[in-house]
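Colleague: Heads up: the sequence lines are chains A and B, in that order. According to my numbering, the first sequence holds residues 413 to 719 in order. According to my numbering, the second sequence holds residues 107 to 383 in order.
No lab work stands behind these hints, which were simulated from the structure alone. Check the hints yourself; a few may be wrong.
Stated by the list, open to error - Computed footprint of chain B on chain A; a stretch qualifies when at least three of its residues, placed anywhere within it, have a C-beta under 8 Å from a C-beta of chain B:
{"no.": "1", "region": "455-462"}
{"no.": "2", "region": "662-672"}
To be verified - For the chain A half of the interface with chain B, some residues (derived, Cβ under 7 Å), not all of them:
{"no.": "3", "residue": "Leu435"}
{"no.": "4", "residue": "Pro437"}
{"no.": "5", "residue": "Pro443"}
{"no.": "6", "residue": "Tyr531"}
{"no.": "7", "residue": "Leu558"}
{"no.": "8", "residue": "Ala592"}
{"no.": "9", "residue": "Leu600"}
Built from N, CA and C at the ideal position, the CB exists for glycine as well.
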Amino acid sequence: MTLLTGPSRGVRQGAPRRVSSALRPWLYLSPLLLALGVWIYGPALFTLGLSVLDWNLTTPPTGFVGADNFARLFRSADFWQALGQTLLYAVALLPFSTVVPLLLAIMLWQRPGRASTVYRSLLFLPVMMAPVAVAVSWKFMLNPLLGLANEVVGWFGIPPVNWLGDPSTALLVIVAVTAAKVTAFNMLLYSAALSGLDRRTIEAARLEGASSWEITRFVVAPQLVGTTVLLGTLSLVLAGQWVFTNVTVLTQGGPDGVTDNIYYRIYTLGFEFFETGTASAAAVIVLLVFAVAGIGWRLVRRSHVPR
Amino acid sequence: MSRANHPMRRFGPVLWHTTLTLVAVAMVFPVLWALLTSFKPANDIYSVTPFSAEPTLDNYVRVLADWPVLTLLGNTFVMAAGVAVGQILIAVLGAYALVHFSQRARGPILVLVTISLAIPPQALIIPQFLMTARLGWLNTDAGLIVPQLGTCALAVLLLVQHVEAMPRSLTNAARLDGARPFEVLWHIVLPALRPAISAVAILVFITTWNEYLWPLLVAPKPEDTTVQIGLTQFQTAEGNDFGGLLAAATLTSIPIVVVYLFASRRITDAFLQSGIK
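Only chain B is shown next, with the shape it has when bound in the complex (with noise of 0.2 Å):
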């Protein structure tokens, strides 16, 4: 259909884009607040002023020498990689298999990760939270990353969904002429599925290195935590340093928002093209 005959035409171009950008102006508005304020010189923190006349790198220098930044971001990069690789694995697994020999099971397994889902964490923290004590995880990339294994619905959903959109000739084809079901998965889904996997595993990525309650729980430790919690850490140590926690706060969504913008249509398209309705 051309763009001049949409029949959902009704705004016209200026309105629409004057919307539209005020929405996602006011949406990012914060952390775009966070990132000017860094620059400013302490006397000047709480001026209006978007740019300062006398921009400073102060702020980052202090928060570099006071905060374990680099730790941190370690920490975190290593509990984000583990969940994504893990949510992955499990993912391409099972979808697979869901779409490709359990048809019988295929409709109630798919409830149960649909229902694990929505299911809220704070009504399962407890008993988490008692299991990786148990199991000697506190303080360790362990506690950190397993637990969070259990919460693959959405990569698991989202590749179903790619993995029954692929056309079924090419996996029979490779099946009739001798392939086992691994060889299938390895040499003809995988390859097929590249977008949707870096896709889903960028989201998973994303969303753990956001992860705020787990961590808070199991790994408390000033030295063994993630940015999220090392930040509110921070803002009750240093609360009155709006200077240095500003600083700090952009030092850890920066990383993020960038590789979000670079990998953004392939984020969105995963979930507009999953045929979620």
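Just chain A, same shape as in the assembly (with noise of 0.2 Å):
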């Protein structure tokens, strides 16, 4: 056993312990797993048995119903129209998640120091920004009668747009708030990655004569491969996730139902109409569509990402 070098667990002498050493690690680790335990992994083992009882939130469980939640799911339409928009989402947040955060991260990191550090730190700030604040602002600028928004398509000649109650802006509308917050927190994760790269084989095809074009396909772009395809999986299942704020301060869902998604959807059926059946089963297929894409991503990444 090597004392100095091993790793730490090799250091068994020294001062009696109070807890014997197979029950330590459970004991600091015992917080952590049971915050998860009780209000992640407990409560989705929950949804699953709420998706097969027939009960609301104001009466007590009347009984088991197997598939019943999700064949009256299945026969609605607005069920399938939320799950395409659903869809339309991923699909227009998808390059604000990946191409978008990419090209800000490398331009910021073509020049370090103090002039990218402050504009890293600006280009952060829609994280922190408070949801509920920006929505209601945007929702002023985009008053339809006096909104700054249409005062400005105004002096292209543009007449005044309904930007909110016109179901071909809405979700347009929708898709760009959100826009700016997803472009931040993934241009920090993509900068962590460039800031991990590793430079010395940048500078060695530098001094082999690469051109700047040839470094970022050839030396940097395979290097980002892990996070680009880690983003775009999260993307494509979270994007309507992420507008969730959005939707319920702008148009809760309207106009005729373009800018509903699956996510809001559960809220809506769970707690305004109180079907907690309904509103677990389709809760349970999110877990579902989520567990695949987790699989899928493991797949594309061990075929993609060299070790």
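Join the two chains, each given in its own frame, into one complex according to the hints.
Modeller: Printed below as a string of structure tokens:
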């Protein structure tokens, strides 16, 4: 047993221990395991259970109904529309969770120094800004009669737009408002990945006479595949969740359900219509999609990321 | 590497500054415009000029009189501080144990933590709400704080990276001197972790301050809720008083923006030095 260089568990003598060494890790880990078990993994199983019961929040559960909740969900046109819109959000937000933050992160990384540190802090600000305050401000600027947005498009001769009331613009507005936050957060994650790059290989490539495009393409890009696959997968699954606050404050899923999505639907089913069973069935479907995406991500990662 | 021969330099400095400034301004524009508008008198509120000829504090006076801002700020502070302290306790103990004495459990537990980071909260809110209601915690600080300790994944992952990065010789030396594991944590690990802990604590504090969904469910009472929910209730009640609404929005978000601007370097560094890839 090497005392000086080995992992710390190699050290066993010293002061008498009050806690046996087999138990100690679990003592330190118990708050973490308790928090995750009680408030994350327990509820996930609980959701599975609720999805096969007939229950609304106001009365006690009346019994086991098997797949009835799923059947009711699949029969409702609203559910399919919400699912379709969830997919639209995912596609619309994908560039803002990958390409745009990657470009910003590369720009910041190219000129290290005080200026780039200041820009990085400013660009991360949307993650920190209170989402309701931002949404309220947008609502004010998008006022169909007098708002700043219509004033500005008016300069170009465009007639006033009912941004949040018109099905053709409402979804775009929600995407645009959410895009700032997604871009900001992923810019920082890409910056973290870039700061971990091996600068020596880049320097070596430069000395070999590689152009900066070649360096980006053949040295930097391959090392960012893992980050990109992860952020892309997360965006596909979670885009509908990221827009949640903006949908609640700005459109409540309307007009005509175009800004609805599966996450907002779980909330309205459960807490506005008190259909606990149907809402839980929708939640189970989300968890299933999530599990499939997780497995898919592992497979892509294993085949594309060099170890 | 000197800045002059950076191999990746492609943008001229003017283009570089212009692009980044434009993007930064576009990103903070809504809050900036809310701030500017909150000082405009009612008859001038929709004007396109950023500064009013007759700036006024009327909007703030009205909001402070009609809306329990201070109570809500207090509630939100208690929730955010409670969650930050709780998550840091969980994360420090967990990160120390995972790095220093549970090599075998480490992989599986980190997988559980990582998965929990990405599970969408909406998939869990119904059972979480029922459990909170059964505990009698609706409209209480406990109901606002305790369930949100489950979302400690980011704090744990960031602190694991920082504990991992500490030189082992420090902790091993203390152990050889006979220090108990808790003494090693308290006297060696904690002081070295202080910058990382404060960055993560501020990050958790701000994200909890901004949390919308959970307080909406468990603390809907106007006097027990947080500023985010209070702001939506204010909007429903006084929908056309945009002057008051934007003053309220400014009051609820400016404290956080100021805290962030002071701590921003620490927060971004907590990510940049974490070795996340």
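Colleague: Please go over all the hints and tell whether each is borne out by the structure.
Modeller: Evaluation of the provided hints:
1. Counting residues of the region 455-462 of chain A whose beta carbon lies closer than 8 Å to any beta carbon of chain B gives 5, which meets the minimum of three for the stated coverage.
2. Taking a C-beta to C-beta cut-off of 8 Å, the region 662-672 of chain A contributes 0 residues in contact with chain B, too few for the three needed, and the coverage statement is violated.
3. Below 7 Å, beta-carbon pairs count as interface contacts, and leucine 435 (chain A) has none with chain B, the closest being about 11 Å; its hint is therefore violated.
4. For proline 437 (chain A), the interface hint holds, the least distance from its beta-carbon to any beta-carbon of chain B being 4 Å, beneath 7 Å.
5. Given hint, proline 443 (chain A) at the interface with chain B, holds; its Cβ is 4 Å from that chain's nearest Cβ, closer than 7 Å.
6. Interface hint at tyrosine 531 (chain A): satisfied, since its Cβ lies 5 Å from the closest Cβ of chain B, which is below the 7 Å cut-off.
7. About 4 Å separates the beta-carbon of leucine 558 (chain A) from the nearest beta-carbon of chain B, less than 7 Å, and the hint is met.
8. Annotation: interface hint on alanine 592 (chain A) holds; nearest CB of chain B at approximately 5 Å, less than 7 Å.
9. Of the supplied interface hints, the one on leucine 600 (chain A) holds, with its beta-carbon coming within about 5 Å of a beta-carbon of chain B, less than 7 Å.
The structure shown violates the earlier hints numbered 2 and 3.
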